[in-house]
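K.L.:
Combine the two chains into a complex, taking the hints into account.
Chain order of the listed sequences is A and B.
Position 51, counted from 1, in the first sequence is what this note's numbering calls 51; the numbers after and before it change by one each time, with no gaps.
Position 53, counted from 1, in the second sequence is what this note's numbering calls 53; the numbers after and before it change by one each time, with no gaps.
Fair warning: there could be bad hints in the mix.
Said to hold, decoys possible - Label pairs and their in silico Cβ distance ranges:
| no. | chain 1 | residue 1 | chain 2 | residue 2 | range |
| --- | --- | --- | --- | --- | --- |
| 1 | B | Gln99 | A | Met1 | 53 to 63 Å |
| 2 | A | Gln90 | B | Val71 | 20 to 30 Å |
| 3 | B | Ser100 | A | Glu81 | 46 to 56 Å |
| 4 | A | Phe26 | B | Glu98 | 41 to 51 Å |
Derived from the structure by calculation, the hints contain no laboratory data.
Glycine included, every Cβ here is placed at the ideal spot set by N, Cα and C.
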Amino acid sequence: MLMETIDTVPIRSSEDIVRVRQKVRFQANAMGMSLIDQTKIITAASEIARNTFEYGGGGELLLELLRDGARRGLRLTFSDEGPGIADIEQAMRDHFTTGGGLGLGLGGAKRLVNEFEIESRPGDGTRVSLIRWK
Amino acid sequence: MHDRLAMALQDDLTNAIVSTRAKGVLIDVSALEIVDSFIGRMLSNIASASRVLDAVTIVVGMRPHVAITLVELGVQLSGIQTARNVDKGLETINRLIEQSESTDADGDD
Numbered sequence: 001m002l003m004e005t006i007d008t009v010p011i012r013s014s015e016d017i018v019r020v021r022q023k024v025r026f027q028a029n030a031m032g033m034s035l036i037d038q039t040k041i042i043t044a045a046s047e048i049a050r051n052t053f054e055y056g057g058g059g060e061l062l063l064e065l066l067r068d069g070a071r072r073g074l075r076l077t078f079s080d081e082g083p084g085i086a087d088i089e090q091a092m093r094d095h096f097t098t099g100g101g102l103g104l105g106l107g108g109a110k111r112l113v114n115e116f117e118i119e120s121r122p123g124d125g126t127r128v129s130l131i132r133w134k
Numbered sequence: 001m002h003d004r005l006a007m008a009l010q011d012d013l014t015n016a017i018v019s020t021r022a023k024g025v026l027i028d029v030s031a032l033e034i035v036d037s038f039i040g041r042m043l044s045n046i047a048s049a050s051r052v053l054d055a056v057t058i059v060v061g062m063r064p065h066v067a068i069t070l071v072e073l074g075v076q077l078s079g080i081q082t083a084r085n086v087d088k089g090l091e092t093i094n095r096l097i098e099q100s101e102s103t104d105a106d107g108d109d
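Just chain B, same shape as in the assembly (with noise of 0.2 Å):
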């Protein structure tokens, strides 16, 4: 994934979110053979702009060496949920979306 692509992808999902209302955001990466610096951001960026917006985001699937790798180059993913596979990673957004639903119910937000 080149630069511009993963920019445009940021805007895109963020327009997303908004026109269809979305409450949750899926990201599988694992199609991704490595994840730098840029793209840690991007992912980073997606999960705080759809946190505004009030939709969580998971990122899901990510490879082994991938995470081990990111890990040592020093990006930490702050603030990004993430889940084993895209099965695992819907149970958890649905699970946040209920959570916080019911909070909302409660009238404590």
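One chain only, chain A, in its complex shape (with noise of 0.2 Å):
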């Protein structure tokens, strides 16, 4: 699989998440993904965002493009150093928020994508990357 790195944004304030949604909109439309593919990654990119933002206090996104045989992908990888998810199952599941949120950004940004992965431990940060293949 051949990738190519293409941008990065940091994440520090609420208007950084709206710039997550610029240049993945971007993206996703310049490798000619469907509309409702491109609102998929669009959203799911954007609740994890406002993860990184809130609970990771801030951090990067990671925008690469995939190559696999003919198939193209977009991957999105978003990193902070904040305090880290403790029970990541537990964190995975619809309704569960420690914030004021719905508690739906992860469980609801992995129904999104096609790949999702987590990376996280309590004081290590968390890491997560998500795939939209065209």
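P.N.:
Below, the structure is given as structure tokens:
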């Protein structure tokens, strides 16, 4: 599988969440994703970016273009150096929240992409990676 | 729309319901290219607050790809009435207001 880094976006403010959505839209559109696929990955990115900002204390997004044979995909990796997640299984469950949100961010984002990975340890930050294939 | 703007809209709308004694709130979301759980929660909050203030809320103009994504995300927009466009939304609001007024007049309330 070939990877090409396209861009990184800092996530330090709620305006940066808007920038994340704009960058993801631009790339998804440039690689010719359908409107519905674009909407899904942008929405997933918005959910995870908000987690990075609110729970992770900020971090960054890495955008990568993937090529696997004829298949092309967009991978978004969100990383922060925040407190991390002690119980990932619990955090993935719908309606579980430690904040004031709906608790749909992680589980909901997973449903909107083709591949979803999360790595986190308490005190060691969180990394979430999303892939949507075209 | 960024998060602080969404929060401000929520505050402004609830204040405006009180100051104008509005009976209905129509929110046109046709310009929104995505609705995530944050915006979804804001819409639910506006609908709940306006209900408490005796006004009905109708969300109109949601684009199909936005609606599909919202459902997959798991946001239910419970308690929110929707309509296809502004005209249909106004019809619905007028009907709901008439209904609630006739209920009030009957003294069944």
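K.L.:
The structure should be examined with respect to each hint, and the outcome stated for every one.
P.N.:
A quick look at each hint next to the structure:
{"no.": "1", "hint": "Gln99/B with Met1/A: 53 to 63 Å", "result": "59 Å, holds"}
{"no.": "2", "hint": "Gln90/A with Val71/B: 20 to 30 Å", "result": "24 Å, holds"}
{"no.": "3", "hint": "Ser100/B with Glu81/A: 46 to 56 Å", "result": "52 Å, holds"}
{"no.": "4", "hint": "Phe26/A with Glu98/B: 41 to 51 Å", "result": "47 Å, holds"}
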